[in-house]
Amino acid sequence: MIIKCPYCGPRDVIEFTYQGDATRQRPDPASTDQAAWNAYVYDRANPMGGHREFWLHSGGCRQHLVVTRDMATHVISSVGFARDAVASGKGGDRP
Amino acid sequence: MAEPQSPLGHTFVPGDHGNSAGGIGLVLTERRDVSIVQVTAWRGTIPAVLTAIGDVTGLNLADKPGAGRSAGEKSAFGFAPGRYFVVAPSADLEDRLRRAIPLETGTIIDLTHGRTAIRVKGPWSEWVLSKLFAIDFSEHGFPVGFGRATLHHDIHANIQRTDAETFDLYVFRTFARSFWQTLGHAAAEVGYRVE
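Line order of the protein sequences matches chains G and F. If you're matching positions, the first sequence starts at 1 in the working numbering and goes up one per residue. If you're matching positions, the second sequence starts at 1 in the working numbering and goes up one per residue.
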């Protein structure tokens with residue numbers, strides 16, 4: 001699998017570290033809703049098709065990325081810096 | 001400051017090695033006399049950091065991914081957003097950068113003792129480095145002056161192309177001896193000289 005880093009260009013997946021689902025939203029830190037925290041920590045949708053996820057380019061520029069990847073085919077439709085996605089409210093929580 | 005003790009130790013053997021009877025395809029050297037400094041800009045201060053690097057080294061960098069320049073033993077290149085390697089054969093490089101880049105503009109880390117600088121020069125440099133790193137070493141994909149950050153297995157390396165057939169590699173000092181030996185194995189096919 002090749003991920004096209006916005007800074008480094010196309011690189012093999014061995015240079016990257018998976019950092020998890022980029023769609024989950026952390027509950028309010030003051031919340032005591034056990035079900036919400038349980039869902040945040042454990043529940044994952046595992047959809048077949050496009051999925052937004054965090055990757056760290058640990059073997060390159062060391063930036064966190066948000067990658068949209070097809071879970072069935074591994075086709076990557078978009079890659080961007082996580083800081084930009086988080087700033088725009090589209091990236092979920094920080095990894 | 002220059003590091004008087006090379007981590008390459010007994011594995012640094014000057015002379016011709018590998019298939020040298022067929023010619024010398026590569027010359028490998030360790031650059032011991034350079035200071036290596038990382039400069040990191042804050043968000044929004046990249047133009048000021050690039051100006052400061054230019055003032056200190058005379059190397060004016062473009063603000064685009066991997067852009068760099070070299071002149072003689074001096075070089076500078078970007079390897080991540082807002083992060084730059086600056087290399088020069090002067091012991092006061094860190095001090096001069098620190099004076100030019102206040103904390104409000106960026107941060108300075110002297111990596112001289114943490115990295116080993118290896119120069120790979122020769123007509124087979126692209127061929128041999130392509131065995132070790134999964135990036136495009138052609139001049140089209142890796143232009144002169146530009147830098148890259150990548151891996152050889154788990155050994156992180158910063159690489160800058162300084163001319164058509166010369167690459168400067170910066171590897172972690174503690175991995176440098178192992179990497180140097182691997183580089184020698186990769187270069188044996190084309191014959192190489194250690195200087």
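Since the hints were made in silico from the structure, they are not lab data. Where hints are given, some of them may not hold.
[Unchecked claim] No farther apart than 27 Å at their CA atoms in a straight line, the calculated lysine-lysine pairs in the DSS-like style are these: (1) Lys121(F) with Lys64(F); (2) Lys4(G) with Lys131(F); (3) Lys4(G) with Lys74(F); (4) Lys74(F) with Lys121(F); (5) Lys131(F) with Lys121(F); (6) Lys64(F) with Lys74(F).
[To be verified] Quick look at which bits of chain F chain G covers, simulated, 3 or more residues with Cβ under 8 Å: (7) 44-57; (8) 146-152.
Beta carbons: idealized from backbone N, C-alpha and C, even for Gly.
Hint check:
Between the alpha carbons of Lys121(F) and Lys64(F) the distance comes to roughly 26 Å, so the proposed pair stays at or under 27 Å and holds. Taken as a hint, the Lys4(G) and Lys131(F) pair is honoured in the structure, with Cα atoms around 21 Å apart against an allowance of 27 Å. At most 27 Å may separate the alpha-carbon atoms for a hinted pair to count; Lys4(G) and Lys74(F) exceed this at roughly 30 Å. This hinted pair checks out: Lys74(F) and Lys121(F) have alpha carbons roughly 16 Å apart, not beyond 27 Å.
Between Lys131(F) and Lys121(F) the alpha-carbon distance is near 15 Å, which keeps this suggested pair within the 27 Å criterion. Proximity of Lys64(F) to Lys74(F) is assessed by CA-CA distance (about 20 Å); at most 27 Å being required, the pair is judged to hold. Proximity of the segment 44-57 of chain F to chain G, defined as three or more residues with a beta carbon under 8 Å from a beta carbon of that chain, is not established by the 0 residues found. For the segment 146-152 of chain F, the assignment as covered by chain G holds, since 4 residues bring a beta-carbon within under 8 Å of that chain's beta-carbons and 3 suffice.
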